[in-house]
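Visitor: This is what each chain is made of:
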Amino acid sequence: MQRHLISAADLTRDDAVLILDTAEEMARVADRPIKKLPTLRGRTIVNLFFEDSTRTRISFEAAEKRLSADVINFSAKGSSVSKGESLKDTAQTLEAMGVDAVVIRHGASGAPYRLANSGWIDAAVINAGDGTHQHPTQALLDAFTMRRRLVGRDAGLGQDLDGKRITIVGDILHGRVARSNVDLLHTLGAEVTLVAPPTLLPVGVETWPCEVSYDLDSTLPKSDAVMMLRVQRERMNAAFFPTEREYSRRYGLDGDRMARMPEHAIVMHPGPMVRGMEITAEVADSERCTAIEQVANGVSIRMAVLYLLLGGNEPAVSHPRNTEEK
Amino acid sequence: MDTQASDARPVLEGPDIARVLTRIAHEIVERAKGADDVVLLGIPTRGVFLAQRLAAKLEEITDRKIPVGSLDITMYRDDLRLQPPRALARTEIPGDGVDGRLVVLVDDVLFSGRTIRAALDALSDIGRPRAVQLAVLVDRGHRELPIRADYVGKNLPTSLRETVKVQLAEEDGRDTVLLGAKRTATGAQH
Amino acid sequence: MSKILIRGAKVLGGEPQDVLIDGQTIAEVGAGLSAEGAEVVEAGGKVLLPGLVDLHTHLREPGREDSETVLTGTRAAASGGYTAVFAMANTFPVADTAGVVEQVWRLGREHGYCDVQPVGAVTVGLEGRKLAELGAMHESAAGVTVFSDDGKCVDDAVIMRRALEYVKAFGGVVAQHAQEPRLTEGAQMNEGVVSAELGLGGWPAVAEESIIARDVLLAEHVGSRVHICHLSTAGSVEIVRWAKSRGIDVTAEVTPHHLLLTDELVRTYNPVYKVNPPLRTERDVLALREALADGTIDIVATDHAPHPHEDKDCEWAAAAMGMVGLETALSVVQETMVETGLLDWAGVADRMSSKPAKIGRAAGHGRPVSAGEPANLTLVDTAYRGSVDPAGFASRSRNTPYEGRELPGRVTHTWLRGKATLVDGKLT
Numbered sequence: 001m002q003r004h005l006i007s008a009a010d011l012t013r014d015d016a017v018l019i020l021d022t023a024e025e026m027a028r029v030a031d032r033p034i035k036k037l038p039t040l041r042g043r044t045i046v047n048l049f050f051e052d053s054t055r056t057r058i059s060f061e062a063a064e065k066r067l068s069a070d071v072i073n074f075s076a077k078g079s080s081v082s083k084g085e086s087l088k089d090t091a092q093t094l095e096a097m098g099v100d101a102v103v104i105r106h107g108a109s110g111a112p113y114r115l116a117n118s119g120w121i122d123a124a125v126i127n128a129g130d131g132t133h134q135h136p137t138q139a140l141l142d143a144f145t146m147r148r149r150l151v152g153r154d155a156g157l158g159q160d161l162d163g164k165r166i167t168i169v170g171d172i173l174h175g176r177v178a179r180s181n182v183d184l185l186h187t188l189g190a191e192v193t194l195v196a197p198p199t200l201l202p203v204g205v206e207t208w209p210c211e212v213s214y215d216l217d218s219t220l221p222k223s224d225a226v227m228m229l230r231v232q233r234e235r236m237n238a239a240f241f242p243t244e245r246e247y248s249r250r251y252g253l254d255g256d257r258m259a260r261m262p263e264h265a266i267v268m269h270p271g272p273m274v275r276g277m278e279i280t281a282e283v284a285d286s287e288r289c290t291a292i293e294q295v296a297n298g299v300s301i302r303m304a305v306l307y308l309l310l311g312g313n314e315p316a317v318s319h320p321r322n323t324e325e326k
Numbered sequence: 001m002d003t004q005a006s007d008a009r010p011v012l013e014g015p016d017i018a019r020v021l022t023r024i025a026h027e028i029v030e031r032a033k034g035a036d037d038v039v040l041l042g043i044p045t046r047g048v049f050l051a052q053r054l055a056a057k058l059e060e061i062t063d064r065k066i067p068v069g070s071l072d073i074t075m076y077r078d079d080l081r082l083q084p085p086r087a088l089a090r091t092e093i094p095g096d097g098v099d100g101r102l103v104v105l106v107d108d109v110l111f112s113g114r115t116i117r118a119a120l121d122a123l124s125d126i127g128r129p130r131a132v133q134l135a136v137l138v139d140r141g142h143r144e145l146p147i148r149a150d151y152v153g154k155n156l157p158t159s160l161r162e163t164v165k166v167q168l169a170e171e172d173g174r175d176t177v178l179l180g181a182k183r184t185a186t187g188a189q190h
Numbered sequence: 001m002s003k004i005l006i007r008g009a010k011v012l013g014g015e016p017q018d019v020l021i022d023g024q025t026i027a028e029v030g031a032g033l034s035a036e037g038a039e040v041v042e043a044g045g046k047v048l049l050p051g052l053v054d055l056h057t058h059l060r061e062p063g064r065e066d067s068e069t070v071l072t073g074t075r076a077a078a079s080g081g082y083t084a085v086f087a088m089a090n091t092f093p094v095a096d097t098a099g100v101v102e103q104v105w106r107l108g109r110e111h112g113y114c115d116v117q118p119v120g121a122v123t124v125g126l127e128g129r130k131l132a133e134l135g136a137m138h139e140s141a142a143g144v145t146v147f148s149d150d151g152k153c154v155d156d157a158v159i160m161r162r163a164l165e166y167v168k169a170f171g172g173v174v175a176q177h178a179q180e181p182r183l184t185e186g187a188q189m190n191e192g193v194v195s196a197e198l199g200l201g202g203w204p205a206v207a208e209e210s211i212i213a214r215d216v217l218l219a220e221h222v223g224s225r226v227h228i229c230h231l232s233t234a235g236s237v238e239i240v241r242w243a244k245s246r247g248i249d250v251t252a253e254v255t256p257h258h259l260l261l262t263d264e265l266v267r268t269y270n271p272v273y274k275v276n277p278p279l280r281t282e283r284d285v286l287a288l289r290e291a292l293a294d295g296t297i298d299i300v301a302t303d304h305a306p307h308p309h310e311d312k313d314c315e316w317a318a319a320a321m322g323m324v325g326l327e328t329a330l331s332v333v334q335e336t337m338v339e340t341g342l343l344d345w346a347g348v349a350d351r352m353s354s355k356p357a358k359i360g361r362a363a364g365h366g367r368p369v370s371a372g373e374p375a376n377l378t379l380v381d382t383a384y385r386g387s388v389d390p391a392g393f394a395s396r397s398r399n400t401p402y403e404g405r406e407l408p409g410r411v412t413h414t415w416l417r418g419k420a421t422l423v424d425g426k427l428t
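Protein chains in written order, with this note's numbering: chain Z, 1 to 326; chain Y, 1 to 190; chain A, 1 to 428.
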């Protein structure tokens, strides 16, 4: 049994539903006067961030502190890592300080997998985003947000997202959020459609468990949720699309397009939003947009993951797909 | 269930449980002088059903709405590290909260006292009751902490080799308390 | 002792024969030869091949002696049955002058484990802008005939054309590392289903194929010969096949790892599988085997690329590209080509000794096993099966993708001009 959370693809349907249900209980802690549980008292978690991501780091930190874990924040900037110390050395140094779990954010795809499977350290590894590979807690919080909005807070308990139609729009090629979401949403029974210009879709996407479209307008009326992904302006310079203006005209979500979505459908965004690029201010600020809710849900999801991986003598989440190296 | 039932001896049957809960309800009213600030919090799973039943009886007696909720103690357990994490149950605090009120914790079986210790910790993170009392259906002894119940349905002397199984209609399809030899069975074991 | 009798060896896999070595040459081949005055090596049915020739080795000296030196690299070569290796030019300093190539060549001679034929850089500093002094390197003691910027592609079409033309003057050959640089910016592995899933930058097959297509046409146009390094895709095979059918003077090599391994292994994110060109798909592997069997691909070359442990014991993106290969090449070829029935041992001798020697003009190597020829020989226990243990490597580096994998065949003896460099699996 694995003790790590590396990829959304490693989660079974039952694992994912257990995490979502647990997060639903964790969410209630936020409504209490004392937003703290003693569950991880005496456990030390390091947030090992080789890449700047203040929002993800803060979300994990809030989750860890609400569970009473001791938290060490390690940012690669200005540290020995920038002086050439390797991932292995850094991780081993931290483990020597008695760390029980490592939450890692890294620019290189597969770095968390290496950390978990190379025998460098014994601590549990939680992937907080690696390169263009995976960001499993983001996918979980997105699924959590969808389940709450589309199935119901209490009605959703024990349920998956069977038959829900989810459209993900934007830079799929460079996006770990899209990869994680496709894996998890498929596991949860949702029907996923990716919408992007062909240049921002990876070769091989045709084998993913989802539909692919180049046309946003035809997809919108058939969507229960539309997730807009950030598109970095610099992509324009590498000829992924001609201009910002053309991108937002073809793939941006504005008020007119939002009106073509079914009435119950929601707009999601993992943040940070580039207003005027993939999303207009009108849509971003509308009550159909769940961006802020997703942030709050992120803390609950991360509490659930930390509890289920670290709360007992062994993890409660099974990993049937055997990806371990020999 | 029948195989377990055959070698486990019922010590309380449906009518006994109803009678015992009625008595506890009266005791609460008496001790709490009318029970006008009582909040019942059941400890999942079966304590919640008992709390709901008690609340119904209290409402009959007092003709007043009795706030009832649930208090999950999983995250406060002292044996978390001894087994895989358990699924969480619901904590549902009635709208007016617990501050300044008399909270009666309700559980099915009182055994080591560790569950109640965890419940007291959980409760203190939620608010500051005027006082906390404990009601249990069965007290089987063998306390490991200085904890006692204020209301006891039945004192049941047991040996550590025995198990006490409480089954309630809401969860198990029938009301009964079984005393048997140690083995796995349906229903809660204590 | 100057005479050695190899008794009962299956020469090129044929019927058992005796081979008598006298001094530096093979004196006699036949049945029941006299052992008088000779040291006897009982071959006991092992296969005797001409000493293997590797057209593509990285010896790392000068500059990266922490990963390999001429001494450790040639010892690894002897262990693998090689009697000649071509040392690639991407050293520090780059082998782009007569001075550097002579130094490498001389070190090889001094150590005496394996002949070292330096490869000269095509352009100064491998920078792709200015031709290196190809003629001077050819005229040096090292007698360079093969030129390559390997590790980097000669991507400028004009520079490539000029190089192809220029080496005609002395019968040289340009060995191209076919990799279109713009199409492979940030590339980490074969572009396809697996890269999409793993989120690693894709290395499209077309980046290799487009350069090969251009270069065979350039070679045809200027009437020169061109050699394609480590061909790795089914599409590249098709282009070379087409070029040969047109009579273009092109030769091509394939590495042992591209005959065996696929990009599925990258799912482990273990950088031991990180290599340039990248591991491709099952379809490519099968096409490469077929092409090696039918002669479209001329030779097997190891692309032996030693790296220190720390350059592989890290996250994928930070890791160096390359694998060691000299000590496992013959086993991999036996596994993928012989045991599959695609090649017999005469075919192996052709692809791993005669042809590479011919392409690189390595005098005295890749010759038939017959009387009067230089005694460059290797004896292979083809019945052996065992798992690969990098701890036993003679190479200074251990970055093999085969650790723990069971492979057939084991080289037990190697002779370089009659002198044993490997006896019973042990270096002399």
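Keep in mind that the hints are not guaranteed to be accurate.
[To be verified] Calculated cross-link-like contacts (lysine to aspartate or glutamate; reagent style DMTMM-like; alpha-carbon spacing at most 20 angstroms):
#1 Z:36 x Y:125
#2 Z:35 x Z:51
#3 Z:65 x Y:121
[Said to hold, decoys possible] Under 7 angstroms between C-beta atoms, here's a sample of chain Z residues computed to sit facing chain A:
#4 86
#5 111
#6 133
#7 199
#8 204
#9 205
#10 207
#11 212
#12 214
If you're looking for bench data, these hints aren't it; they were derived computationally from the structure.
Just so it is clear, CB atoms sit at the ideal spot from N, CA and C, and this is done for glycine as well.
Visitor: Let me make sure I understand: some of the numbered hints might not hold for this structure. Which ones are they, in numerical order?
Guide: Hints 2, 7, 11 and 12 not satisfied by this model.
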